[in-house]
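Novice: As a plain string of letters, each chain reads:
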Amino acid sequence: MRQVKLNWLTFLVGAVLFMFLLVGCNSSEGETASGDDSGGESGSETSSGSDDGGTSDEPVELSILVSETASTPGFKKVLEGIERDLNIKTKVEVRPGGPEGENIVKTRLATGEMSDLTLFNSGSLLMALNPEKYFVNLSNEPFMDRIMDSYKPVVTSNGKLFGIPARSSQVGAWLYNKKIYKELNLEVPKTWDELMENNEKIKAAGKTAVIGTYGETWTSQLPILADYYNVQAEVPDFADSYTEGEAKYSNTPQALRGFARIQEIGERGFMNEDYTVATYDQGMKMLAEGTGAHYPMLTQVLPLIAENFGDKVNDIGAFPQPSDDPSVNGHTVWMPDAIMINKETEKLEAAKKWLEYYISEEGIAAYQEGDKSIGPFVIKGVDLPEDAYPAVKELVPYFESGNVAPALEFVSPIKGPNLPQICTSVGSGQMTAEEAAKMYDDDVKKQAKQLGLNWD
Amino acid sequence: MSSKQEEIITQYQQESSVQVVKTMARKKVNKGLILIESFAFLIAIIFFGIPFYFVIINSLKDSGGAAELNLSWPDNFQFLQNYQEVLTLNDGIVLRAFLNSSLITISSIIVIIFICSMAGFILSRRQGMAKKLNYVILIGLMIPPTIVPTIWLLQKIGLFKTFPGIIFLESALQFSFACLLYTAFVATIPKELDEAALMDGCGPFSLFFKIIFPLLKPVTSTVIVLSSIQIYNDFENMLYFFPGADNATVQLTLYNFTGIYGTSYHLLFADVLLISIPPLVLFIFFNKKIVDGMTAGAVKG
Amino acid sequence: MNNSMKKIYPLYFLIPAALIYCTFFLLPTSMAFFYGMTWWTLDDWEFIWFDNYIQFFKEPSLRIGFQNTLIYAFSTMGGKVILGLLLAVFLCSKIRNKSLLRSVVFFPALLSTIAVGFTFSAMMHPTNGLINKALGILGIEGPNWLGNPKIALLSVALTDIWKGVGIATVIFIAGIMAIPKHYYEALKIDGGNALQSFFHITLPLSRPAMNTVIILALIGGLRTFDLVWAMTGGGPGFSTDLLASIVYKQYASGFFGLATAGNVMLFVFVALVAFPIFRFLNRKEVDL
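Chains as they are written, first to last, in our numbering: chain U, 280 to 735; chain D, 155 to 455; chain S, 966 to 1253.
Keep in mind that the hints were calculated from the coordinates and are not lab data. All values derive from a computational prediction rather than experimental measurement. One or more hints might be untrue.
Distance condition first, Cα-Cα at most 27 Å in a straight line; then the derived DSS-like pairs of lysine-lysine [stated by the list, open to error]: (1) D:K443 <-> U:K370; (2) D:K310 <-> U:K622; (3) D:K442 <-> S:K1063; (4) D:K443 <-> S:K1146; (5) D:K310 <-> U:K626; (6) U:K457 <-> U:K482; (7) U:K591 <-> U:K480; (8) U:K591 <-> U:K632; (9) U:K717 <-> S:K1115.
Simulated restraints on C-beta separations [as the list claims (entries may be wrong)]: (10) D:D245 <-> S:R1248: 52 to 60 Å; (11) S:K972 <-> D:Y166: 20 to 28 Å; (12) S:K972 <-> U:G731: 34 to 42 Å; (13) S:P1241 <-> D:E161: 40 to 48 Å; (14) D:P344 <-> S:G1156: 20 to 28 Å; (15) U:K431 <-> D:D245: 36 to 44 Å; (16) D:N244 <-> S:F1163: 50 to 58 Å; (17) S:S1162 <-> D:N244: 52 to 60 Å; (18) D:I199 <-> U:E347: 30 to 38 Å.
A virtual CB, placed ideally from N, CA and C, is assigned to each residue, including glycine.
Could you put the whole structure together from the sequences, leaning on the hints where they help?
Specialist: Structure follows, in structure tokens:
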């Protein structure tokens, strides 16, 4: 009996020792291995020297923490370019997106465990991180001059610049299936009422008029966020007054309207049967295959449609969320995520070179090799390439005529964290637009308090 | 070991095995039962088997087939291809995660067995002590760990992001449950045994490690299975207290297949299946013993 | 207890356990009581007394959270107790393939919550999901399991029961096996039938096992949210938010002081629900 006991205890202890050995070996192997396959030609002999730390052709290794949606083919192409031209290897660490991801970033910043580089949202979410405390001030770097003035405010805190754009800008629009529009003889709507008439016709034809994908809650916010162009056109000082705690969703009819739009879409039964649980990828499938006509969404979905459904991406167009007035018609723009340098990095020079390359002509060219743009770049002198998606081409006139405005989260530091869930509550008929506005105002107030803004 | 001790041990072991013998003897074939039996069998298979079948069959399909999420036979078998893709993804992150998770699980289990069996022994023998500490231990069952203070603490003692850090943390989180099981189980071991050992001049160490600990085998098996499932399947704590690209653990690998290009269900299910193998193997090994440990432990307590 | 006995049960045997449990669990937990009363940005804090608690009770989804937590904890607990007991009785009876069946019932407990969440959300899809397709074959139109706010929580609870019933069953099996067989034999001699033996012997005498299941399932149900998070994310709307998921979201949104206060409230809530039940069950046990 005791014999047996001893045996499996020995076995367990043995197993652990074995594991430690394996992990030990593996981690040293790991370095070699990553050198081998990402380094391509330069790889294998470098690893042997890693102990004595640094002959001149030794590649520097930088770590970057990105959200799972950021590691696109274009991003990877730039990393390859950086490794080839600068001899800097980049170790990519992927985190979940959404609130879990934000939490991870905040926790790691506060505990001093951040990677050398961080890719994170720009605008209000970045401001919530207290960038001055954690990131390197880039105001005096010459390469920052390449960035357009329109982008700078969303990475600026207390007059200092902290990040570079990680990709092109994009818009939140009503993506629509042009085949359905042709089939049913519909016109691109200029007012909300026209849009609703189109929806009635599409519904009568037995198709889904508006694709809803509340299974991923963030997708539910588009009709309110993309309405911001209209809000700012009608109430020009909304953002400032909202940041100061005076303008509220519940006391500004033009802002409240965003919730009402969601409520109307839900109440009139325009959405797909499974809208409360459908996911982002099911949504893009419906739009691409023409079972759904409209998908209020960010243009970042286009490369995914191209990837998964090939040429069908050419059937997709984009129009801005219409207002009640046909003369107010423009796009709400999302500024790209930013890449920042962690203040505590030991490889500051390499990190700066990395950023410089990322937004250089070579960097952008490498990026465009992998990803087609989803909107204009915010880098000076970079134009949309000829072969852009048709939907993206449809955006160009709006940009050229200046009928665009950044979304609210890029002009005010405050965004209430519960907005996605509030939107799904409204869309699924559990809450009215008025209740939602009131609830969101409270949510915003809480956020303001956490940011240290004095509202009372 | 003196004859007195052995006598007590044999008697104790006989008592606990008597029931098993009896149930074996009562096994008779009753034809009327067969119908009910097979019906119940069928129900159990449907409720517990189909989800498994669902995962297995979809892990063999191609990406389009798996996205349909049905039970149909694969049109296009991709067994090798799918599993190979999962295993080679990101420089073999899944294999690395296997190693990390196994190391953490096994080490934590050893720590847990060590500290909880000793604590359980003392708490069970000194009832006054146990009464006082009861609620302190129960707290551990009730509260989830507080994230930021815990990270702060781990950093202060230099164990954040390290194997020892996460191992001790997981041990602390499993302590209450395992300790309660041990305490209850020790109560079934006759105290006369301790007295006999004392007469023979045993010290506390030889009493515990040579005599008591081997008798705890059933409950140790229970703890091994239940706690290692908890630790191996832990997602939250690994995410917070063991971050870093090299520190991947198995549950985190699932997120590799739900990224921006939509969910790759075929690979996701292949991964689900792969990471479920170790607990399955463990369970097969300890299957019968789990019940034994509970019989004397949790249930009489 | 005399001195020599004390010597053989030395208190220093508790030291390793105490060291690990206190350092890694009790200490950070007690720090939470302090940080719960601060405005906290992780690197900066300001003592604000009970503002966080006041704010916490003003959370709009809090009422739903309390309600859902109770519904979820008690329904999963009830499901696990009833199903677990029935399965255990069945698996202790004179059937063949017993050990295979036991394994089958226990298997779900081996899987990770995330894996189960992914699988069941796929199976519960209203139109493409396996469950509704199967119901469709039988001519029943299945509900929108996770999309209908009225039943989404119960759908998650059902999944939880599916996953957790294995452990409950094992505990019950252990309890039933511990019942001395002569009780059953005596009843048989008196001419009792199977139903009577269940109600007069199995049920009362497996009480300790039932208490264990109740406590574990209840505490588990009150403090967890991972399955809800994996399957619905608290939605649609706020309809499946639990207390623990509200606290988690506050953390995720960066309301660290508030979330820590929420953690404390969660603990108090669990204690308020669980301790009376715990004491009640223990008293009953003594009466037997």
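Novice: Starting from the hint list further up, note which numbers the structure goes against and sort them upward.
Specialist: 1, 8, 12 and 14
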